[in-house]
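*Asks:* Could you put together the complete structure from these sequences and hints?
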Amino acid sequence: MSSPPTNDIVGPHLLAAVARGEPESLDRWYRSEHPVVYRLCFGFLADGTEAEDAAQDAMLKLADRLASYDLGRPYPAWRNTVVLNHCRDVLRRGATRRNAERAAPVQLPARLPARPDEEATAGEIRELLHRALTQLSPREREAFVLRDLEGRPTREAAEVLGVGESTVRSLLTLARRRLRQLLGDRLALGGSAR
Amino acid sequence: MTHPDDPTRHDGTSDASDGDPLAELLAAWQEQPIPEATPDLDDCDDETRAVVDWMAAAWAAQPVPAAAPPRPTQRLPRWPRRADWPQATRRAAAALLLAALTLTLLSGPRPSTERPGPDLTAATQATTTGAGAQSAAVTAPSALTDTHPEPQLVAVANDQIVFRSGPVRLVLITDNLSGE
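As given, the protein sequences belong to chains A and B, one line each in that order. Residue numbers for the first sequence follow this note's numbering, so the first one is -13 and each next one is one higher. Residue numbers for the second sequence follow this note's numbering, so the first one is 10 and each next one is one higher.
Treat the hints as calculated values from the structure; they're not laboratory data. Fair warning: this is a prediction, and the values are worked out from it, not measured in the lab. Be a bit skeptical, because a hint or two may be false.
Claimed, not checked - A short list of chain A residues far from chain B (calculated; beta carbon distances all over 10 angstroms):
id, residue
1, Val(-4)
2, His20
3, Arg74
4, Glu142
Claimed, not checked - Now the in silico label distances, taken between C-beta atoms and shown as ranges:
id, chain 1, residue 1, chain 2, residue 2, range
5, B, Leu35, A, Gly150, 19 to 27 angstroms
6, B, Asp52, A, Gln167, 12 to 20 angstroms
7, B, Ala103, A, Thr67, 57 to 65 angstroms
8, B, Leu110, A, Gly7, 32 to 40 angstroms
9, B, Leu35, A, Pro60, 35 to 43 angstroms
10, B, Thr183, A, Ala53, 53 to 61 angstroms
11, B, Ile182, A, Gly7, 53 to 61 angstroms
12, B, Leu181, A, Arg51, 51 to 59 angstroms
13, B, Gly28, A, Gly148, 43 to 51 angstroms
14, A, Glu10, B, Pro74, 19 to 27 angstroms
15, A, Thr67, B, Gly28, 48 to 56 angstroms
16, A, Ala53, B, Ser116, 53 to 61 angstroms
Backbone N, C-alpha and C fix where the C-beta goes; we use that ideal spot for every residue, glycine too.
*Replies:* If you want it as structure tokens, here you go:
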């Protein structure tokens, strides 16, 4: 399974420097963290345009709250919790519009590119992800993004989501099943991704 | 699966002989192995694994829009600060202010007290006759010609107090005095 690009340069020293407001550290932290935060926002919201704004706002929230962040806690879990709560707020504000969108039938191509990183353009990848993720419920999406797409451990995903590990597994099962129903035939036509 | 001290534990020797169907059902249920809530991805079927792998590959390949960290905005002051002025400019401004203040103080009585002068009273007296004219000469111009700069207590009634400062009257209406 492909894993998203990770960043290992965000350590306690950098976080402490960012919390002190050092401009250079803030710049490094921002450039390192923004791609991760954007991907999370895109996954939780299933909307590329909205994810850009949400990622900017979430980065500002993270920067504000870094001063009160306990350096003894695992940073990814803390960051993901802040981003998730922000995205839930965004979802609540736009619930009506999103419900109308979800009612619309999903339009996917009959044949998916076997290797999206090589055979699809950036816009096509984003569109395919958007269409697939919108078919999941928000909770299923959150669990699927954290566990299967970002590769976070089940325990950490449960902590971020505020549920038990068994609940995370159940949500994952539902999400995988729904995606298999949606994409399985299209992948079979296009060949296995593995 | 069941705790040894669990009173509902079914060991096939004691509880089953009670004949309680609910207890037997509970005991049978407790003897079942705990099912895995959801198998890990490795335990999924090939099709599910392929779908998840495809999603993960697309996830890793998705473009991330470039973003620069926000810069703190520097607000320009509306007016140049006095501290930025040179020393000579500050001294000149202070001297100018002092001179203007001195000229204002030495320029004589204020315009508001000069406007209705005594000539107005004399003119009024000269053009009017009788008792009405006399009362007008006493009442109306006196308020206008008064040059007392300090506030004065003019009248105290049951429900109001009247102050005057030059041509301005201040009437304080109160109910404290009338009630007592």
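*Asks:* Each of the hints needs a verdict: does it hold here or not?
*Replies:* Hints, one by one, checked against the model:
1. Val(-4): holds (14 angstroms)
2. His20: Answer for His20(A): violated, closest chain B Cβ roughly 5 angstroms.
3. Arg74: holds (20 angstroms)
4. Glu142: Non-interface label stands for Glu142(A): nearest chain B Cβ at 15 angstroms, farther than 10 angstroms.
5. Leu35(B) / Gly150(A): 19 to 27 angstroms: Since the Cβ atoms of Leu35(B) and Gly150(A) sit about 23 angstroms apart, the hinted range of 19 to 27 angstroms holds.
6. Asp52(B) / Gln167(A): 12 to 20 angstroms: holds (19 angstroms)
7. Ala103(B) / Thr67(A): 57 to 65 angstroms: Given a distance of about 59 angstroms, which is inside 57 to 65 angstroms, the answer is holds.
8. Leu110(B) / Gly7(A): 32 to 40 angstroms: Violated, at about 46 angstroms.
9. Leu35(B) / Pro60(A): 35 to 43 angstroms: holds (40 angstroms)
10. Thr183(B) / Ala53(A): 53 to 61 angstroms: 55 angstroms Cβ-Cβ, so the 53 to 61 angstroms window holds.
11. Ile182(B) / Gly7(A): 53 to 61 angstroms: Cβ of Ile182(B) to Cβ of Gly7(A): about 58 angstroms, so the range 53 to 61 angstroms holds.
12. Leu181(B) / Arg51(A): 51 to 59 angstroms: Distance hint for Leu181(B), Arg51(A) holds at roughly 55 angstroms.
13. Gly28(B) / Gly148(A): 43 to 51 angstroms: Holds - the Cβ-Cβ distance for Gly28(B) and Gly148(A), about 45 angstroms, lies within 43 to 51 angstroms.
14. Glu10(A) / Pro74(B): 19 to 27 angstroms: Holds, since Glu10(A) and Pro74(B) (Cβ atoms, about 23 angstroms apart) stay within the stated range.
15. Thr67(A) / Gly28(B): 48 to 56 angstroms: holds (53 angstroms)
16. Ala53(A) / Ser116(B): 53 to 61 angstroms: Hint holds: Cβ distance 59 angstroms, inside 53 to 61 angstroms.
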